[in-house]
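Letter by letter, the chains look like this.
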Amino acid sequence: MAKTIAGSEDRIAQSKGKTQTKDGKASSKAREEGHIPDFEEIESSAGFKDLMKKKKAFLIPTTILFLGLYLLFNIIISYTNLLDAKFIGDISWVWVFAFGLFAMTWILVTVYMKRAAKFDEMAWETLKEFNYDKEENR
Amino acid sequence: MNATVIIIFLIIVGMTLVITYFAAKRTNTTSDFYTAGGGLTGWQNGMAIAGDYLSAASFLGIAGSIALFGFDGFLFSIGYLVAYLVVLFVVAEPLRNLGKFTLADMINARFNAKKVRGAAALSSITIVIFYMIAQLVGAGALIQLLFGIDYLWAVLLVGIMMTIYVLFGGMTATSWVQIIKAVLLMVGTVILSFLVLQRFDFSILEMFAQVKTATPHGEAFLNPGVKYKIPLDTISLMLALVLGTAGLPHILMRFFTVRDAKTARSSVMWATWIVGIFYVMTIFLGFGAAAFVGSEKIISTNAAGNMAAPLLAQALGGDILMSFISAVAFATILAVVAGLVLSGASAFAHDIYGQIIKKGKATERQQMLAARYASVGVAVLSILLAIFAQSLNVAFLVSLAFCIAASANLPVIVYTIFWKKFNTTGAVSAILTGLISALVLVSISPSVMNPEAGAAILTGNPIFPLTNPAIVSIPLGFIGGLVGTLVSKESDLKRFAEVKVRANTGGFRQL
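Keeping their order, the protein sequence lines are chains A and B. Letter by letter, the first sequence follows residues 88 to 225 of our numbering. Letter by letter, the second sequence follows residues 76 to 586 of our numbering.
Bear in mind the hints are in silico, worked out from the structure with no lab data behind them. Please note that a few of the clues may not be correct.
Quick look at which bits of chain B chain A covers, simulated, 3 or more residues with Cβ under 8 Å [unchecked claim]:
id, segment
1, 131-140
2, 154-167
3, 280-286
4, 449-456
Just so you know, even glycine gets a beta-carbon here, dropped at the ideal spot from N, CA and C.
The shape of chain A in the complex, shown without the other chains (with noise of 0.2 Å):
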């Protein structure tokens, strides 16, 4: 059985052309299989919204938050010289709020790499409800 080869070479080589699950020889061999999950009882399920909800909660804001500090920035700059009063010797608040970009961007990586561990560990948590948290769903 192809399907239960752990190397992802195969399963990518074997996958071709079933990335389409609606037609094709590939949902119904899967379907004969007892493969085709039932997508909208997993959706619907605790687990999957709590998942969702929690993601939100740190996707949304933090995406506002980034994109705006960013606009902010090329705005104040842009139509203001706020920005151009000296913050130490020569160096001007402007390179201040640049950095403050950079690290805003490694914080928030770091972070979410923290967060989505988390995710991780809830989708698995779903999956197994359902009993798809084999190698092969995966």
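Chain A is already provided as a structure; the job is to place chain B on it using the hints.
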């Protein structure tokens, strides 16, 4: 040109050819060819993404821009880096979970309609061609300067080399060339930055104080406004940069070279750190070049400032360092254009030939042949275009590619993943509205129409006032998708449930 330059060049080029040789032996299937068999690890792919990103435009262009315009040159770096958050938060994981080889695959996880795939392939190819011309024109100018050969020969040299990498080694070779180049680029930049800082006694304050007296702009050099004077234009350009990365085909394609969403995520993390640290160092390169080379010499060597970094290397480290930096720049250009050829070829061979014409029924052999023919086709086409586009402004072409990516690809990605009611008509109209509006607005903008004869392609008063139309075309792309969806009213909630579950759990990849 001396013996040292030639030897260092030959070593670096030879190294990349050895990689291609070994990669070629392992490239047997389309999956090997397009995605290195999906077997890259997080750091490997992260380095390769960083490598794809740190193109000649970044390395030579930003260093030169900072040297000539100070803070305004650095503005690009900020947008390019923050863009990774959009990639990480919005596109990386769903793309890996839903897709296989191309962006169109991912959108097709929700709508398997030929017209959607065709539209997605069209926008990818358009972006790749513009980006490609920009890289090749830049490469031609650089090689012309370094070797003292004709522009035509320079473009041909780069073009033939990149075709060899792609044709024989596919994604495996391209990735490893990219990884090695990223390491060399970082090493070169660290050495140069160290030498610059040494001259300022390792004091950043001292560097700022001295550089202000070294440029013709004086105090203004350290603040924004030297280069970008029209507020709305600046904001539009910065929007294109921050949102465009998440729609660039050659970056998106990198997420198919890893085995799961977790690895895709960690590759973005690696890329963010590498790219970020690199951009911080471009300040030292730029300031160093302004102080120790001088803007007069930088401009006289290359009006756009592209030679600032190599000239700085020569001023601080002599011919050997200059040869090294130039060789790295050369490898950079080769690796980036090779990645671009691959992403263009995948849109042609996989999406248009394999899925639309052959309806997914092509044999492995046919697919491989198509991929290789398409690679040669994309390479030849872009070499020809680059030869005719010699006088075009490279920075303009790059920002246009980012603008199309943000307007045509990003809206459809976001809607596909997040919007329940989104449908086939919406997907096609989102892509086409974004693509067409970006192209039309640019063609009537000051970048193409300039009242001063010879300053742009056409002479005349621009109809659209902004040089980069992102601030208009991105919302238009989103509105296009919205209107298309609402007009046609069809929707498949069941399919969306599937996409949602698959995108968010990473399960059911092989369906």
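query: Going through the earlier hints one by one, which of them does the structure break, listed in rising order?
result: As far as the earlier hints go, 1 and 4 are violated by this structure, in ascending order.
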